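*Asks:* Okay, here's what each chain looks like letter by letter:
Number of protein chains: 2
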Amino acid sequence: MSEVLSGKTVAQAMLEEVKTRAEALSAKGTPPKLAIVRFGARPDDLYYEKGAKRTCAQVGVACDTTELAADVPEAEALRAIGALNDDPAVHGILILQPMPKHIDTAKVRYLLKPEKDVDGTSPINQAKVFEGDPTGYPPCTPTAVMEIIKHYGIELKGKKVVVLGRSMVVGKPASMLLLGEHATVTICHSRTKDLPAEARQADVLVAAIGKAKMVTADYVRPGAVVIDVGINVDEAGKLCGDVDYDSVAPVASQITPVPGGVGSVTTMVLAKHVVRAAEKVAASR
Amino acid sequence: MSEVLSGKTVAQAMLEEVKTRAEALSAKGTPPKLAIVRFGARPDDLYYEKGAKRTCAQVGVACDTTELAADVPEAEALRAIGALNDDPAVHGILILQPMPKHIDTAKVRYLLKPEKDVDGTSPINQAKVFEGDPTGYPPCTPTAVMEIIKHYGIELKGKKVVVLGRSMVVGKPASMLLLGEHATVTICHSRTKDLPAEARQADVLVAAIGKAKMVTADYVRPGAVVIDVGINVDEAGKLCGDVDYDSVAPVASQITPVPGGVGSVTTMVLAKHVVRAAEKVAASR
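Residue numbers (the numbering used here), protein chains in the order written: chain H, 1 to 285; chain Z, 1 to 285.
Accuracy of the hints is not assured; some may be wrong.
As a list, the in silico DSS-like pairs of lysine-lysine whose alpha-carbon atoms are at most 30 Å apart [said to hold, decoys possible]:
hint, chain 1, residue 1, chain 2, residue 2
1, Z, Lys238, Z, Lys101
2, H, Lys113, Z, Lys113
3, Z, Lys113, H, Lys107
4, H, Lys157, Z, Lys213
5, H, Lys193, Z, Lys157
6, Z, Lys213, Z, Lys150
Calculated from the structure, these hints are not laboratory results.
Remember, predicted model here, so these are calculated numbers, not experimental data.
Throw the hints in and build the complete structure from the sequences for me.
*Replies:* Structural data, given as C-alpha cells:
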C-alpha cells in the first residue's frame, strides 16, 4: 500500500513559518491583509472563502470580503477592484472564480495589480510563472502541489512528470513549476490519443482534469507518485478527486487523498503569498 | 528519403499576403514600419538585421535601425527604446538579442509596449502565448515553426510532440503554440534522463537546444517529422542545425534543412507581425 501524502501535514508544517512572518509584520506596523472578492453566493465560493478565512485567522492574516451581486454591472465590479488596488492596507486580492459570464475576465486580470495578485491571474504573474521568475505569484493550487512535493522530498530532477490538464489555473502553471525543478514534463489533455499510456510513463503523475475518479489503476505505473488536484463530487454525492483512490492507492508509491490533499494546502499558500506581498510593501518603506 | 520542408517555400507562400496587406496599409496612409535596435555590431546581429531588412523591403515594410554602442549606458538605451515606443510612425520594435550584459533585460522587456513588441519578449505577450491568446505576438522563431507545420499540412491534434529545449525564445513558446493545436507536448532539456528515448516517442520532434548536430538518427522514430530550430556552426565552420541532417534525413518522413528551414521563415513572420501591428493602429483611428 502506498504512503499517503497528507496535505494537512504539509499545511501544518508551513503554518509556523507563515505565522511568525505575519506576526513580525504586524509588530512592525504592517498587519498583512487579504481582500476576497466574491460575486453572488455560490456554495463552492462560500466553502472556499470559509477555508481561506480559517487559515488566515490561524496565521494572523486579516481577511475581508467584498461581496458583489452576481449581476453587478461590470463597471462597478472594476471600480471595486480598483479601490482594493489603491487601498494601502490591502496586500493581497483574491477574486473567487469563475466570475459571472457578463464580466470580462481579461479586464479584471489586466486591472489587478500584479503585486497584490496573490492567486496569479494577472498577465505579469502568468508571464513570471512561464519564464520561471520566482518573484511572481503562481496560482495557489499548483503552488500547493509543489509544496507537497518539496515537503515529502520527492525528487523531480530528470524525472518524468505527466500533467493531465492544461488549464491556466493548474495544468499549465504546474507544468512550468515542475519544469523549473528540472523535471521532463509531458502535458496531456482531452485530445491526447492514449491518455493511460502517457500517464503510465510518469514517475510523478499530476491529475488536474476535473473528472471524478477518471484516473484508474491502468493510468499508473507501479511505484509512481500520484498527485490529485481534482475536487469533484461522485455519484454518491461524496467529495472525490480525479483519481480513483481505491484502485490507484495499491499501485502508487505515494498518493494525495481527496479531501485532505492538495486542497488542504491551497489556502496556506494563499496566506503565505499575502505575507510575502506585505513583506515587500514593508521593505519598500 | 524524407521530404524536405523548405522554409524558403513557406516564406514565399507568405510573401504575397503580407505584401498585399502592407500595400493596403500604405495606401491608407499607415505605411508599416519596423524599428530594429542593435547594440554594437556583432556579426550575427548584422547578419540577422540584413535578412530582416531584405524581407521588409520585399513586402513593403519600412525598416530603420537604431544603433547603440555596445557599452551604451542603460538609461540611454531605455530612453532610445522609450522614444520608439512613443513614435507613432513605428509599429514594431525588434531588439537584437542578446543585449549587452550591463543592460537589465527585464527593464527593457517591461518598458517595451506590448503592441509594438513584434518578437514577443514583453511579459504581456509572453502571458498571451502561455494562455493561448492569439491577440499577442509570440516570438518569431516558434511562430515560424508553426507556419511551416501549417503550410505542409502536418497534423498536430492528438499527436505526440517532443520539444528539445526550454528557452523563452523557442522551447517554451513553441510548446504552448503546439499545445494550442491540441498536440500532446513533452518538454525536454539538458537534465532529461534519456533524451534519445524521449525524442523517439515523437510524431513531431522540435529541436531547439543550440548544439550542433546533437540530434542523431537514434533520436528519431522512423517516419517522424523533424523540425530543426538550431543555427550553429560545425567543426568545419559550416552553418548547421541541432540535427545531424545526413543521419536523420533517411529516417524522418519530413525534415527542415539548415540553412533554408525555420530561419528562412523567421523574418517573414517578423514582417507579418509588423503589418498586423500597423493594421491595429490603422483600425483604431
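*Asks:* Determine for every hint whether it applies to the structure shown.
*Replies:* Taking the hints in turn, this is what the structure says about them:
1. Z/Lys238 <-> Z/Lys101: holds (28 Å)
2. H/Lys113 <-> Z/Lys113: holds (18 Å)
3. Z/Lys113 <-> H/Lys107: holds (18 Å)
4. H/Lys157 <-> Z/Lys213: With a Cα-Cα distance of about 25 Å, the restraint between H/Lys157 and Z/Lys213 holds, given a limit of 30 Å.
5. H/Lys193 <-> Z/Lys157: holds (9 Å)
6. Z/Lys213 <-> Z/Lys150: Given that 30 Å is the threshold and the Cα spacing comes to 25 Å, the pair holds.
Hint compliance for this structure: no hint is broken.
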